[in-house]
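Engineer: Below are the chains, spelled out letter by letter.
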Amino acid sequence: MTVEKLKNELNLKAVCLADPEREIEGGYVGDLLSWVMGKAQSGNVWITIMSNMNIIAVASLTDVACIVLAEGVQLDENVVNTAKLKEINVLQSDKSAFDLAAEISDLI
Amino acid sequence: MNRYYYDFHIHSCLSPCADNDMTPNNIAAVATLAGVNVMALTDHNTSKNCPAFFQAAKKHGIIPVAGMELTTAEDIHVVCLFEELEDAMAFDEYVDSRRIKIKNKVDVFGQQLIMDGEDNVIGQEDYFLSNATQITIDNARQEVERFGGVAYPAHVDREANGIIATLGVFPQEYGFNCAEFYNENKIEEYCEKYENLKDKRILVSSDAHFIWGIQDKRGYFDVEDEPYSSEKVRKEIFRILRTVVDG
Numbered sequence: 001m002t003v004e005k006l007k008n009e010l011n012l013k014a015v016c017l018a019d020p021e022r023e024i025e026g027g028y029v030g031d032l033l034s035w036v037m038g039k040a041q042s043g044n045v046w047i048t049i050m051s052n053m054n055i056i057a058v059a060s061l062t063d064v065a066c067i068v069l070a071e072g073v074q075l076d077e078n079v080v081n082t083a084k085l086k087e088i089n090v091l092q093s094d095k096s097a098f099d100l101a102a103e104i105s106d107l108i
Numbered sequence: 001m002n003r004y005y006y007d008f009h010i011h012s013c014l015s016p017c018a019d020n021d022m023t024p025n026n027i028a029a030v031a032t033l034a035g036v037n038v039m040a041l042t043d044h045n046t047s048k049n050c051p052a053f054f055q056a057a058k059k060h061g062i063i064p065v066a067g068m069e070l071t072t073a074e075d076i077h078v079v080c081l082f083e084e085l086e087d088a089m090a091f092d093e094y095v096d097s098r099r100i101k102i103k104n105k106v107d108v109f110g111q112q113l114i115m116d117g118e119d120n121v122i123g124q125e126d127y128f129l130s131n132a133t134q135i136t137i138d139n140a141r142q143e144v145e146r147f148g149g150v151a152y153p154a155h156v157d158r159e160a161n162g163i164i165a166t167l168g169v170f171p172q173e174y175g176f177n178c179a180e181f182y183n184e185n186k187i188e189e190y191c192e193k194y195e196n197l198k199d200k201r202i203l204v205s206s207d208a209h210f211i212w213g214i215q216d217k218r219g220y221f222d223v224e225d226e227p228y229s230s231e232k233v234r235k236e237i238f239r240i241l242r243t244v245v246d247g
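Residue numbers (the working numbering), protein chains in the order written: chain A, 1 to 108; chain B, 1 to 247.
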């Protein structure tokens, strides 16, 4: 499953779709970035409500396939710009992290 | 020049999670026993017990500092200290307008008592104090400085509400000049692991929520205090806190 297909299947909003063809393998849910840095795997979908700039750094470091922002969390313009610059896929949904994880788990 | 031991992170009975025995006079009295000379009261998202703490501290010979432990929008705890009580109270009013107000559940979280200088209960805060405010970590320092204060991340060595656990690093770009540790034995390990801590002024404080949590004197400042006045000592300590450390 690619990031673009995931976006279309779940009707997610594309905040930054830098690499739509990226393949997804598994997922991780978490907001404490020290945990995400240690636990998220390359290719994961990472679901979070954290909107701080450092999510882009952590996504880059862990090489996750995409960030999915839950609960309608909005990013500041400079965070979106950094995501574009670093080519990090960022999707967004109004759903909770629980619902998103359940739906993504069914799909992949 | 004289040595002043400090503890800049203490909770009173106004913090929901703190013991009701943490009255202004009990805190000041125990601080004296612990050998602490300068103490800041830093309740969660409020400074409303600072006026009482100032009165109590003076009775017990402690130099008081008005403060607050701010919870940012990201759930990161930031210690905010003010040279003047009035500035802390003005900041308190501002934070009140940026809080997310949820009714406190006394049976779950505990009471939030406001006291006078004689430890009489003169009021209580109805809304839960410790939850996240709408002030973000990237704005916290500027907001505190706008009111004449100093701000720095609290207990960076802790998982719960520490900036490193939450953001994964100690960010340089927010311009914090100091960092607080809860456990002084972790300072070396953290400074080696997190490059950005190297040029920070490292402070240790007890984050006491109970009387027995107030730790014996640890951190200190050597202060030019002649001719002595508590004002002068406080002013000098704030000057040190604002001074950038050479990396």
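No lab work stands behind these hints, which were simulated from the structure alone.
No experiment lies behind these values; they were computed from the predicted model shown.
For each residue, glycine too, the CB sits at the ideal point set by N, CA and C.
Mixed in with the good hints, there may be bad ones.
Here are the simulated lysine to aspartate or glutamate pairs, DMTMM-like style, with alpha carbons at most 25 angstroms apart [unchecked claim]:
(1) A:K39 x B:E159
(2) A:K86 x B:D216
(3) A:K39 x B:D216
(4) B:K103 x A:E71
(5) B:K58 x B:D75
(6) A:K84 x A:E25
(7) B:K186 x A:D31
(8) B:K58 x B:E226
(9) B:K193 x B:E159
(10) A:K84 x B:D138
(11) B:K101 x A:E71
(12) B:K101 x A:E25
(13) B:K235 x B:D216
Covered stretches of chain A, as calculated for chain B (at least 3 residues, CB under 8 angstroms) [said to hold, decoys possible]:
(14) 34–40
(15) 52–58
Engineer: Please write out, lowest number first, the hints stated earlier that are contradicted by the structure.
Structural biologist: Of the numbered hints, 2, 3, 5 and 12 do not hold.
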